[in-house]
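First to last, the protein sequences are chains E and Y.
Number 56 in the numbering used here belongs to position 37 of the first sequence; there are no gaps in the numbering.
Number 1450 in the numbering used here belongs to position 340 of the second sequence; there are no gaps in the numbering.
Derived by calculation from the structure, the hints in this document are not laboratory data.
A portion of the hints provided could be inaccurate.
[Stated by the list, open to error] Interface residues of chain Y toward chain E, partial, derived using beta-carbon atoms under 10 Å: (1) 1115; (2) 1138; (3) 1141; (4) 1144; (5) 1147; (6) 1150; (7) 1154; (8) 1156; (9) 1160; (10) 1453; (11) 1457; (12) 1706.
Backbone N, C-alpha and C define an ideal beta-carbon position, used for all residues, glycine too.
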Amino acid sequence: MLLTESFLRQLELLTLVPRGRAHGQLKGMHRSRRTGAGMVFADYRPYSEGDDIRNIDWGIYLRMDRLILRLFEEEADLPVYIFLDTSVSMDHGEPHKLDYAKRVASALAYVALLNHDRVNLITFADGLREMLPTRRGKNQAPQVFNFLEGVQAKGRTGLFAALRRYFGVPRTRGMVVLVSDFLDPDGAEAALTVLRRFRHDVVLLHVMSPQERDPQLPEEVVLVDAEEGTSSELEVTPALLAAYRETFEKHAGEIEAYCRKYGWGYVRALTEIPFEDLVLKGLREEGLLR
Amino acid sequence: MRFLALPAGTAMLLLAGVAVLVIGLYLLRPLPRRLVISSSLIWRRVLKERKRKPERLRWWLSLLLALALALSIAAAITRPEIAAVGGRAEEVVLVVDNSATMGARSPDGRTRLERALERARATIEARGAGSRFLVADTMRQISAPTFQDRRVALTMLERIKPDSGRQPRFPDVALPHGTGAAGQALFITDGVSGVEPPRNVQTISAFQPVDNVGIIAFDVRPVPGNPRRYEAFVEVLNASAGNKRVELRVAGTGAKVITKTLQLPGRSSANEVLDVSAFDSGPLRATVDTDYDGFALDDTAFAFLPAKHTVRVGLVTRGSPQLQRAFELLPRVQLVVLSPEHFGTARGLDAVVFDRYAPPDAPHLPALLIRPPRTNWLPRQVGEVADIGIARWDPAHPLLRHLNLRDITVESAELLKSDVIEQGVRVLAVGPRDQPMILTREAGVRWIEVAFALEQSNFAQQASFPMFLANSIEWLTNESVALSRELGVVSVPLANAKVVNLEGREAKAQWTHDATLFEAPQPGFFIASSGDQRVRVAVNLLDPRTSALNESPLPLQPQDRELVQPGARIAIDPWMLLLLIAVGLLTIEWLTYNRRVTI
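Same shape as in the complex, but just chain Y (with noise of 0.2 Å):
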C-alpha cells in the first residue's frame, strides 16, 4: 500500500502511535465510583433478569469500535492509495497544446482546443482516485506546474486559452520514467505547431481538419526607381482542402480601398501587388473574406504606407565610392557628396554621413558615422581589435529591421569602452566579446556610429548593407515607418510610452527602461508615443506554417464517444471513504453507547 500524504515509514508509525493511544486511553480510563449499599441482593436479581452483558465483552467491542474510528480518521490523513477502492493513483503529466492552431474552429463550433481540453478531463477523470496530475502548456500559459490532486488539474484546465503570442514548445516538465506502473505523460496536440515531445511522452491527437484561408505576408515598399509610388505586397495562403473563393481587401485611411477576387486551388497560395500609390500616408489594412473560415487570426494584416518625399543626405567623406553608389541607388535620398572641409558650407540637409570623419563638435543634424576617428562628442576609443564578426544584434530596433549581420567580418574595428558609454546611447551591434560595433543615441539630435570602415569589412557587399543605409536614414529623419512585430507580447524601443489602437483604446502596458511591453492577441495597429517620439507597430500573425492548419502528421481525433478509456471511471477517493466510514462508526458508537453495547 502506498500513502499519497506520508512516506509509508511515517504513515505506518502514525497508525501505530493512533492504536497504542487509543488502547493506552482506554488502559488509563478512570474508574467508575464506588458506592457501599447496604445489599446487592435486589441488583442481582435485577442484573440476571436483564441477562446483563459480559463487562469485559462490551470494553473490547468499545474499544475495537474506538480503535477503528481512530484507524479510519488517521489512515485519511495519509491519503493511502487503494487500487480496489479508488482505482490505481497516478502521477500523470498531461501537456495541452495552446499554440495559436489549436484556436481553429471545425464547422461543429468547437475548436480544437476546447476538444483538447475535454480530452484532458476525460483523461484526468478517468484516473484512480488518488491520483495527481501535473498540467502544462506550450505556451507557458500555467507557470511553474506542479502535481496537483484532481479538483486543481481541471480548474488548472480551464486557464489554458489559445495564445499566439509565442513560439510554443514543449515545457520544461519532470516527466514519469516510461509509461509503466509509476505514471503516465500525455501530450494532446494537433501536430500542426510542430512541437515535438520527448520521446516518453505519448501524443494525443487533438487534429481535426479547418477550413482556412490567411494572409501570410503583407508589405508596404516604394517602388524601385519612383520613390513616390508604393506598392502593397500581398500573399494569401488557402489551407482548405477544397477550392476557395476569396475576397482580397485592402483598406486605408480615408475611403481608398481596393478589393479583389481570388480562386485558390485547395492548398495552395497567390501573390497579389497592389498599387496603392493612391492611398494616403498611414496604416493599411488586408483581409480576406470566404464563404467558411475557421481561423480568423491570420484573415487580417496590417502594414503602414510611409511619407512620400525624398531626403537630402549629404555624404562627408574623402573618398568611398561603394557608399556613394549604394546611397544613389536608395530611391528616395538625393546625395550631396562633401568633403570634410567643405562641411560647414553645406545647407538644406536632412542627415549627414561621415565617413572616417567627425566633426570636433556634435552636428545639429542626424549623422551616421562610419569609424570616426576620435572625438569628444562620441563614445571613448580606448583601441583597436581585428578580425571579428558581429556576434549578436537587435533585430527588434527599427535601425536594423530585416537585416542579418551574422556574415560581416571586420579586419579592424575601433575598441569602443563600453563600461562608460553615456546615457541615451545604445550598442545595437557588439562583436564576440561584447565589443560595441553600432551604437545609436536617440536623445536630442540622433547619431548612429558604426564602428568599422567599410573598406576594413565586408559589410558593403551584404544584401543587408542598402537596407542598414536605407534604415539609417529613416530612423535618423524619423520617418513615419512601422515597426513590424508578432502577436503576443509585443516589446517597442520607447521607455514609458502609450500604446493605444488605430480605434483609440489604449492597450495595457508595461515598461523597462529602454522599451514599452504590451500584448497584442489579435492582428492590430498600434502607434505607442513617449514625448514626441511615437513608433507605429504593425502586429500581425503572417506565419505560413501556423495558417497551413490542416498540415499536421497526426490522424484525426478520435470520437468523442472514444475519449474516455474503457474501464475508466470515476471512483471515491480512499481518504474521503475512510471519512465516510469513520462518520458511519461514530454513528454506531453513539448508538451503541447510548443502548449500553458498549461501554
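Just chain E, with the same shape it has in the complex (with noise of 0.2 Å):
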C-alpha cells in the first residue's frame, strides 16, 4: 500500500492548481478558455442563430434594442500526465528514490482523480515503458495504485526519448508531472524543450537522495554507474567531495533555472524529508497543489 488511509483522506482536501486555463474536454473543476455553461461571466457577444436563448442579456435588449448573448466561462477538467522516472539510477538511495517517487506519483495522481482530472501514468527509462490508459475519478484510484505498485526499475535514463515518443501523438494540452532524479547522461534540456514546444503545464520533481547530494565514500574507492556498468577509481578527499556537492547543486540549480526561466514549477523531493511533508507542505508552496 503506497499510502494510507489516513493520508489519503487529507489528500481529499486539496486539488491541483494548474497554472493556466484547462484545456480539457470534458466538464470539470477547472478554468477553461471556452465559454459555455459556467458562472463565471466572460465576455459579450452579439446573438446568432441557434444561441442558447437562456443566455441572452435582455436588459440590454431594452436599452439598445440589440440581441447580446453572455457568455460564461466553461469549467473543464484537467489533463494530468505523470512521468514516472523507472531508470535503475532511480533504485538508489536510502530512502529508496523510486518507491518516493511512487508514493508521491500516487499522491498527485489521487488528488488528480479526486477532482475529475484524467490522469494519465506514464512510467519510463530509455523510452517509455508503461502507460496506464486516461483515468478519471476517485474509483479509479486503485487501478492507479496497483499500476505503480508494479512498476520496476529498469534500463538507463533516457527522458529526450521518452518524451518525444510520448508526446508525438496528439495530446490535449495540460498539466505534465515529471518525476525523475534527472540523471539523463544526455541532459534534461533536450527533453524539456519537447514539453515546451507542446506548451504544457509543467511541474519537476527532482527526486534526490542524500547519498547523491552528500556522498560519504572512503579514500580509495571505485565507482561502479549502475546503469551504464562504467567505473572509475576515485582518490577521495575533502576537496574531491565538496567539487561533487557545488556540480550536483550546480546540476540541480540549472533544472530549477529552466523552470523558472519558463514559468515552470520545480520541487526538490528529498527522499530524507517525509514524503507527506512534501506532499502536504512542499507541493503546498509550490502552488501545485492547494
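Hints are included, so try docking the two chains, each in its own frame, into the full complex.
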C-alpha cells in the first residue's frame, strides 16, 4: 500500500492547481478558455441564430434594442500526465528514490482523480515503458495504485526519447508532472524543450537521495555507474567531495533555472524528508496543490 | 662501485631484491572498494572540471618514489663507496710512535706525541668517507688493532700516551700491499727510538728539537780494598744543541746531599764519581736541573747504598785455589777455609761455600754448593752431561744480576732431574736442553747449587765469576741490595708482595706464582715485601739512546699548515647522504600523497 488511509483523507482536501487555463474536453473543475455553461461571466457577443436564448442579456435588449448574448467560462477537466522515471538510477538511495517517487506520484494522481481530472500515468527509462490509460474519477484510484505498485526499475535514463515518443501523438494540453532524478547522461534540457514546445503546464519533481547530495565515500574507491556499468577509480578527498557537492547543486540549479525561466514548477523531492511533508507542504508552497 | 658493508654481489642482490619487493608490493596492492552508485554523471563532470591526473601516471610516480626511497635505505645499509660524494675510501694503517722520547716537550709546550697525534687526526679526517683506519702504536697500548671507521679511529688515538716501559717496536699488523689505490700505511715517529718500519710504510716525521739534560748512568759500588767506603757513579748527558749549566744533586736518607755544578757542551756527557761513604744506608736519589729541559724522565735516578759491614764466609773444600783467591778478593768477605772434616767445628759464619762436598744433612747456614755429591736434601742427580754451555738464565734474579753466562763451557756437569725438583727450588740457568745448571732455594735456609765444578769449566776465568760470587754472598746473607729495573712493568722475584714507593704509597701490583709485577711509569725507588722478605727495586730510565732526544735521522716535522694535504676534505659518508635522501623522499612522498599527486 503506497498511501495510508489517513493520508488519503488529507489528500481529499487538496486540488491540483494548473498555472494556466485547463484545456480538457470534459466537464471539470478548472477554469478553461472555452465559453459555455458556466458560472463565471466571460464576455458578450451578438446573438446569432442557434444560441441558447437563456444567455441573452435582456436588459441590453431593452436599452439598446439589440440581442446580446452573455458568455460564461466553461469549467473543464485537466489532463494530468504523470511521468515516473523508472530507470536503474532511481533504484538507489536510502530512502529508496523509486519508492519515494511512486508515493508522490500516487498522491498527485489521487488528488487529480478526486478532482475528476484525466490522469495519465507513464513510466519511462530510456524510452516509454508502461502507460496506464487515462483514468478519471475517484473510483479509478485502486487501479492507479496497483499500476504504480507494480513498477520496477530498469534501463537507462532517457528523458528525451520518452517524452518525444509520448508527445509524438496529439495530446490535449494539460499538466505534466515529471518525477525523476534527472541523471540523464544526455542532459535534461533537450527533453524539457519537447514539453515547452507543446506548451504544457509542467512541474518537475526532482528526486534526490542524501547519498547523491552528500556522498560519504572511503579514501580510495571505484565508483560503478549502475546504469552504464562504467567504473572510475577515485582518490576521495574533502576537496573532491566539496567539488562534487557543488557540481550536484549546480546540476540541480540548472534544471530549476530552466523551469523558472519558463514559469514551470520545480520541487526538490529530498527523500530524507517524509513524503507526506513534501506533498502537504512542499507542493502546496510551490503552488501545485491547494 | 665498492660496498664496504657487503660483498659487491651480495649488495647488488640486496638492492635487486628490495626493488623486486617494492614493485611486487605495488602490484599486489589491494584493489579499492567498488561502490555502485545511481549514476556517475555528476562525478564525471566533477573530474572533468578538476583536470584529474591520469591514474597510471600517479601509480608510476608513486612507485618510483617508493622505489627510490627503499633503494636509498638499502643502499645505505650496504655502505657504498661513491668517490664523487665522499671521496675515495681507503684502508689506512696508522702507526704512532709513543715511545718515551715522544713525550719530549718542545719550547712551545707541545710534546712530540701531541704533534704526531695531530698529524694522525688530520690524516684520518682528510681521507674519503667510508675509509677505514687501523690505528696502532709502537708500545702495544692498543692491543689487537683492527680496521675501524673514522670515529672509532679518532677515539683510539686519544688512548695513545707516551710509554717508556717496553722496547718499542713496529706492531705486527696487516699492511696494504704497496701504497697504491688499496690503501696506505703511515708511521709517525720522531725517529729517535730506532724503530724500523717495513719497506712499504711511509714514515712521517714528528721530530722537533728539544733541549734535554739527563742522567744516563747511576750506580753505587764499594771502593775496592775498602768495603766501608762507597762511591756513586753518575753519568750526565747534555743532548741539547747548546751548552748547558747543570746542577747535579745526589741526596740520601737523612739530610745528606751532594751538589755539583757542571758545564756541559752540547751533545756531550760527563762522568762524576761522588763519595757517598758518609751517607746512611738506603736509597739515593740523583737529580739534574737546568734552565730548560724538555724531557723529565731522565732527570732523576735512584740507587741503593747497602750496609757497610764484612761477611764471614766458610769455604769447605779439599783445595780450590781459584775459588779461594776469588773470595779473598771480594772486599767485604772475610774468608775461613775449612776441610770437610772440620766443617762441624766452624763457628760465627754468615754463609758457607761447599766445593764438591755436601754434608749429609742440610746445614743451618746459607750455602753455595759447587757440584755437590749426591745427598738426600739436594735435587736428585740422575747422571752426568758433558760438553755443554749455559743457554738461558734469569738476569732479573739478584743472583745473576749484571752477569753474562753465555761464554761458559762445561766439560762435565751433574744431570739433575728437573721434573722432580721440589717446591721452592728455582732453576736460574739451564743448558741447551734445559738441564738445570744453577738452582736456588729461597724458602727457609737459602742455598745455591752450581751443577758443575770450577775445574771442569771455564767459569772461573770469566769476568762474571767474581760478580757471581759477590751476588751469591749478598743473596745468601740477604744483604740489603736493590734490584735495578727499567721503566714500565717491573717484575720482582717475590710472590704475593706488597709494593710501596719512597713516599709510602702502595703501587698497584699483580702476582704470578713466583713474582710480583707492578707498573712504574716514572723513575722511583720501591720496596716489595712479602712476609719477612723484602726486595728493593730502583727503577730508572738510564738509557743514553732515549736521553739523546735529538739524534734522529728524520727531518723536522713540517709546519701545522702543511699537515692537511691539499684538496683534503671532510666529506659526508655516502651512506649518511643516502639516508638523508631517503628522509627527503619520505617527505616528498608524504606531501605528494596528501596532495593526491601520488596514490
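Each hint tested on the structure:
1. 1115: 38 Å, violated
2. 1138: 15 Å, violated
3. 1141: 7 Å, holds
4. 1144: 5 Å, holds
5. 1147: This hint holds: residue 1147/Y lies near chain E, its Cβ roughly 5 Å from the closest one there, short of 10 Å.
6. 1150: 4 Å, holds
7. 1154: 8 Å, holds
8. 1156: Holds - the Cβ of residue 1156/Y comes within 10 Å of chain E, reaching about 5 Å at its closest.
9. 1160: 6 Å, holds
10. 1453: Constraint on residue 1453/Y not satisfied, violated at 113 Å.
11. 1457: 115 Å, violated
12. 1706: 5 Å, holds
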